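**Q** Add chain B to chain H, keeping to what the hints say.
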Amino acid sequence: MIKTESLKFSYDGRKYFDFPDINLDTGENLLIIGNSGIGKTTLLHLLAGILKPKSGSINVSGIEISKFSDTELDKFRGDNIGIVFQRPHFIYSLTINENLKLAQYLSPSKTSGDAEKILESLNINDKYQQKPNQLSEGEKQRVSIALALINSPNLILADEPTSSLDDFNCDNVIKLLKKQAKDHKAQLIVITHDARLKKHFKNNLNL
Amino acid sequence: MNIFKLSIKNLFYRPLSSLLSLLLLALGVSMISLLVLINSVVQDQMNNNLKGIDMVVGAKGSPLQLILSSVYHVDSPTGNISLKEARSIEKNPMVGNSVPLLYGDNYEGFRIVGTNEKFIELYNLSIENGSFWDDEFEVVVGKKIATKLNLKVGDTFVTSHGLRQTGESHADTPFTVVGITNFSNSVADQLILTSAESVWGVHGDHTHDDEEHDHDDDKEITAMLIKFNSPMNVIQFPRYINENTNLQSAVPSYEISRLFKLFGFGIETINLLAYLIIVVSGISIFITLFNSMKERKYDMALIRTLGGSRLQLSSMLVYEAIVLTISGFILGIILSRLGLVFISSLMESSFNYSLNSYGILNDEFWLLAISILIGLMACLIPSIQVYKMDISKTLSNE
Numbered sequence: 001m002i003k004t005e006s007l008k009f010s011y012d013g014r015k016y017f018d019f020p021d022i023n024l025d026t027g028e029n030l031l032i033i034g035n036s037g038i039g040k041t042t043l044l045h046l047l048a049g050i051l052k053p054k055s056g057s058i059n060v061s062g063i064e065i066s067k068f069s070d071t072e073l074d075k076f077r078g079d080n081i082g083i084v085f086q087r088p089h090f091i092y093s094l095t096i097n098e099n100l101k102l103a104q105y106l107s108p109s110k111t112s113g114d115a116e117k118i119l120e121s122l123n124i125n126d127k128y129q130q131k132p133n134q135l136s137e138g139e140k141q142r143v144s145i146a147l148a149l150i151n152s153p154n155l156i157l158a159d160e161p162t163s164s165l166d167d168f169n170c171d172n173v174i175k176l177l178k179k180q181a182k183d184h185k186a187q188l189i190v191i192t193h194d195a196r197l198k199k200h201f202k203n204n205l206n207l
Numbered sequence: 208m209n210i211f212k213l214s215i216k217n218l219f220y221r222p223l224s225s226l227l228s229l230l231l232l233a234l235g236v237s238m239i240s241l242l243v244l245i246n247s248v249v250q251d252q253m254n255n256n257l258k259g260i261d262m263v264v265g266a267k268g269s270p271l272q273l274i275l276s277s278v279y280h281v282d283s284p285t286g287n288i289s290l291k292e293a294r295s296i297e298k299n300p301m302v303g304n305s306v307p308l309l310y311g312d313n314y315e316g317f318r319i320v321g322t323n324e325k326f327i328e329l330y331n332l333s334i335e336n337g338s339f340w341d342d343e344f345e346v347v348v349g350k351k352i353a354t355k356l357n358l359k360v361g362d363t364f365v366t367s368h369g370l371r372q373t374g375e376s377h378a379d380t381p382f383t384v385v386g387i388t389n390f391s392n393s394v395a396d397q398l399i400l401t402s403a404e405s406v407w408g409v410h411g412d413h414t415h416d417d418e419e420h421d422h423d424d425d426k427e428i429t430a431m432l433i434k435f436n437s438p439m440n441v442i443q444f445p446r447y448i449n450e451n452t453n454l455q456s457a458v459p460s461y462e463i464s465r466l467f468k469l470f471g472f473g474i475e476t477i478n479l480l481a482y483l484i485i486v487v488s489g490i491s492i493f494i495t496l497f498n499s500m501k502e503r504k505y506d507m508a509l510i511r512t513l514g515g516s517r518l519q520l521s522s523m524l525v526y527e528a529i530v531l532t533i534s535g536f537i538l539g540i541i542l543s544r545l546g547l548v549f550i551s552s553l554m555e556s557s558f559n560y561s562l563n564s565y566g567i568l569n570d571e572f573w574l575l576a577i578s579i580l581i582g583l584m585a586c587l588i589p590s591i592q593v594y595k596m597d598i599s600k601t602l603s604n605e
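Heads up: the protein sequence lines correspond to chains H and B, in order. Note that the numbering used here has the first sequence beginning at 1, numbered continuously upward. Note that the numbering used here has the second sequence beginning at 208, numbered continuously upward.
Pulled out of the complex, with its shape left as it was, chain H reads as follows (with noise of 0.2 Å):
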């Protein structure tokens, strides 16, 4: 259950962002569409706890994260919510093994995914041993997807993950999100300016 209540933000003080209310419950998935410069990344930041917002409310499945600290964020993040960025991040001196063990070490209050399991779904099983850099594209976004689930976390959050793809392969991707989403029983809010997954998803969001 995912839930904000007239959610405000401000870098500056003077151009203040106006979100409307998101009420989401379990099981649901989310498609937030909007155009650049809107303050889409805004929300989804605020929704992780890595902004904390002016005023309103963030409600992610009980916890109201509107006014907790930068630790209890950090934890909150950790334990909680899993994101998929447009252009994947990883630890690049660590091998793909070593980048998963290093995402549950910072989440030791959460019993974790089996990392072995998660890659063996995304069909990167072999690539284990290896380093981030020696991956290609595709594969790169695929681990960044498993290290978005090694916590089993209850909301995913990706940021445009197919805004660099072509038709067939922006499919695929926002088809394994859901189905990874939904194999981890986690809610899944994507957002994008990209019209072409307005069909995969029953909420859509206009910002």
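Quick caveat, the hints were computed from the structure, so don't treat them as lab data. Since the model is a prediction, treat every value here as computed from it, not as a measurement. Even glycine gets a Cβ: it sits at the ideal position worked out from N, Cα and C. A few of these clues could be false.
[Claimed, not checked] Stretches of chain H that chain B covers, calculated by requiring three or more beta carbons in the stretch to come under 8 Å of a beta carbon on chain B:
{"#": "1", "stretch": "35-48"}
{"#": "2", "stretch": "68-77"}
{"#": "3", "stretch": "83-96"}
[As the list claims (entries may be wrong)] Calculated lysine-lysine pairs in the PhoX-like style (CA-CA distance at most 20 Å, straight line):
{"#": "4", "chain 1": "H", "residue 1": "K101", "chain 2": "B", "residue 2": "K212"}
{"#": "5", "chain 1": "H", "residue 1": "K67", "chain 2": "H", "residue 2": "K52"}
{"#": "6", "chain 1": "H", "residue 1": "K75", "chain 2": "H", "residue 2": "K101"}
{"#": "7", "chain 1": "H", "residue 1": "K202", "chain 2": "H", "residue 2": "K179"}
{"#": "8", "chain 1": "B", "residue 1": "K600", "chain 2": "H", "residue 2": "K15"}
{"#": "9", "chain 1": "H", "residue 1": "K131", "chain 2": "B", "residue 2": "K212"}
{"#": "10", "chain 1": "H", "residue 1": "K131", "chain 2": "B", "residue 2": "K600"}
**A** Showing chain B alone in chain H's frame:
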């Protein structure tokens, strides 16, 4: 996997810059540590050999040479003095103890010193095997020589004239080893001791042109080590001798401190240079961390989004700096010991002196503290910046 392991992996991920920082620090540490080691070992040895000697009397010449030859047995003697004159000094009421020294010969480069039982008392020598000499041409051999030349009680050898191996040999007067001393950690370990009579005996029935050994009817000795009755005598007596006799007196503690002062300038310069290298290594660690921070900003933002705290991120950089400095320190200490082995073998071959002290000195704990401090200073700014990093901004700039 944890933050410390991550730091190690990060260091190995940029091996060249890590290696550069490591080598710079190791170089600085090993230079300082080697200086400290040599200084402490040399001063130890020098002071150990100075015990009980307030003044040395010998022929006129350089006072430092007199000290080096008769206390440390490294330089050539200044010449000989007559036994009669030496005796008259011995009788002076200010003189507490006096030890005569006679040079003339060597065996395989090791000096043969003619003296008496007072030398044994002075250096607190004890016999490991055999006994002290009680007849002419009997010698007691220092432990180090016995080991090196494999001499045993009962062995005989022929000495060569002078202090170098190339001298003419005295084949008709062979010496017999009657005892081997225990290790005394003093200059006596590298000397062959015998009675004064033996040295006179070797040269008595020869005629040499050598200026050190031209024999008159009067017997001669090379030098005399003197201990005063009262420490106050060191002020007047050496001056009295230098002014009123044709002998020379020299005060070892004074000459040695003069010698150290001469070296001191060079040692200070090298020391300064070494500290400079350590500071440069600190700067190199700083630059490495600072640059890597930019390269790794997405890595670090990822760590934060995965639940890592600001503190964990900062400690990652601190670990990287500390691991570099501590391993650089350890490498430096190892290098300095290897350096000491090398220098010791050089000294052994040219002076028969060896330096053996490989333990960690107090000064080196200071050096460790300084190294860690440099590491902490190097990572201070990067780790503060990482602590303050705005992950939202970093992630939206992709």
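**Q** Evaluate each hint against the coordinates.
**A** Hints and how they fare:
| no. | hint | in the structure |
| --- | --- | --- |
| 1 | 35-48 | holds (count 4) |
| 2 | 68-77 | holds (count 5) |
| 3 | 83-96 | holds (count 10) |
| 4 | H:K101 <-> B:K212 | holds, 11 Å |
| 5 | H:K67 <-> H:K52 | holds, 8 Å |
| 6 | H:K75 <-> H:K101 | holds, 17 Å |
| 7 | H:K202 <-> H:K179 | holds, 15 Å |
| 8 | B:K600 <-> H:K15 | holds, 17 Å |
| 9 | H:K131 <-> B:K212 | holds, 16 Å |
| 10 | H:K131 <-> B:K600 | violated, 26 Å |
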